[in-house]
Amino acid sequence: MQLSAEISMYPLKDEYIPSIRAFIGRLNSHSGLRVITNTMSTQVFGEYDLLMDVLKIEMRKSYEQFGRAIFVCKFIDGDLAPAKPHA
1 MQLSAEISMY
11 PLKDEYIPSI
21 RAFIGRLNSH
31 SGLRVITNTM
41 STQVFGEYDL
51 LMDVLKIEMR
61 KSYEQFGRAI
71 FVCKFIDGDL
81 APAKPHA
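Heads up, the sequence shown is in my numbering, so the first residue is 1 and it goes up one at a time.
To be clear, the hints were calculated from the coordinates, so they are not data collected in a lab. Hints are supplied without guarantee of correctness; some may be wrong.
Taking lysine-lysine and the DSSO-like style, the derived pairs with C-alpha atoms no more than 30 Å apart in a straight line are [claimed, not checked]:
1. Lys-61 to Lys-13
2. Lys-56 to Lys-74
3. Lys-13 to Lys-56
4. Lys-84 to Lys-74
5. Lys-74 to Lys-61
6. Lys-56 to Lys-84
7. Lys-13 to Lys-84
Label pairs and their computed distance ranges (CB to CB) [stated by the list, open to error]:
8. Tyr-10 to Lys-56: 13 to 23 Å
9. Asp-14 to Leu-50: 30 to 40 Å
10. Asp-14 to Asp-77: 16 to 26 Å
The model shown is predicted, which means the values in this text are computed figures rather than measured ones. For each residue, glycine too, the CB sits at the ideal point set by N, CA and C.
Please model the entire structure based on the sequences and the hints provided.
Rendered as structure tokens:
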């Protein structure tokens, strides 16, 4: 089953950009996921179990490395990724 997720991360510290970039970078390192980032959120698309397992691992790493943060997530079944632009 395919899953689409939209995630916003709100680190509870003044220097928040490094922790957000690190989280997004780690999401991008997992093959099998499509990650689209904009200024307000990150959208992740992939197989349900893989996507959920990756989020479990990477959210924990964020907490351990950078401390407190709020993650706001929305999930919907299916792959709702926009069509890839033609080159």
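Comparing the hints with the structure gives:
1. Lys-61 to Lys-13: 16 Å, holds
2. Lys-56 to Lys-74: Answer holds: Lys-56 to Lys-74 is near 15 Å, not above 30 Å.
3. Lys-13 to Lys-56: Within the cut-off at roughly 22 Å; holds.
4. Lys-84 to Lys-74: Holds - the C-alpha atoms of Lys-74 and Lys-84 are around 22 Å apart, at most 30 Å.
5. Lys-74 to Lys-61: Holds. Lys-74 to Lys-61 sits at ~20 Å (cutoff 30 Å).
6. Lys-56 to Lys-84: Between Lys-56 and Lys-84 the Cα gap is close to 27 Å, so the pair holds against 30 Å.
7. Lys-13 to Lys-84: Violated, at roughly 35 Å.
8. Tyr-10 to Lys-56: 13 to 23 Å: 19 Å, holds
9. Asp-14 to Leu-50: 30 to 40 Å: 34 Å, holds
10. Asp-14 to Asp-77: 16 to 26 Å: Given about 38 Å between the Cβ atoms, the range is violated.
Hints 7 and 10 from the earlier list are contradicted by this structure; the remaining hints agree with it.
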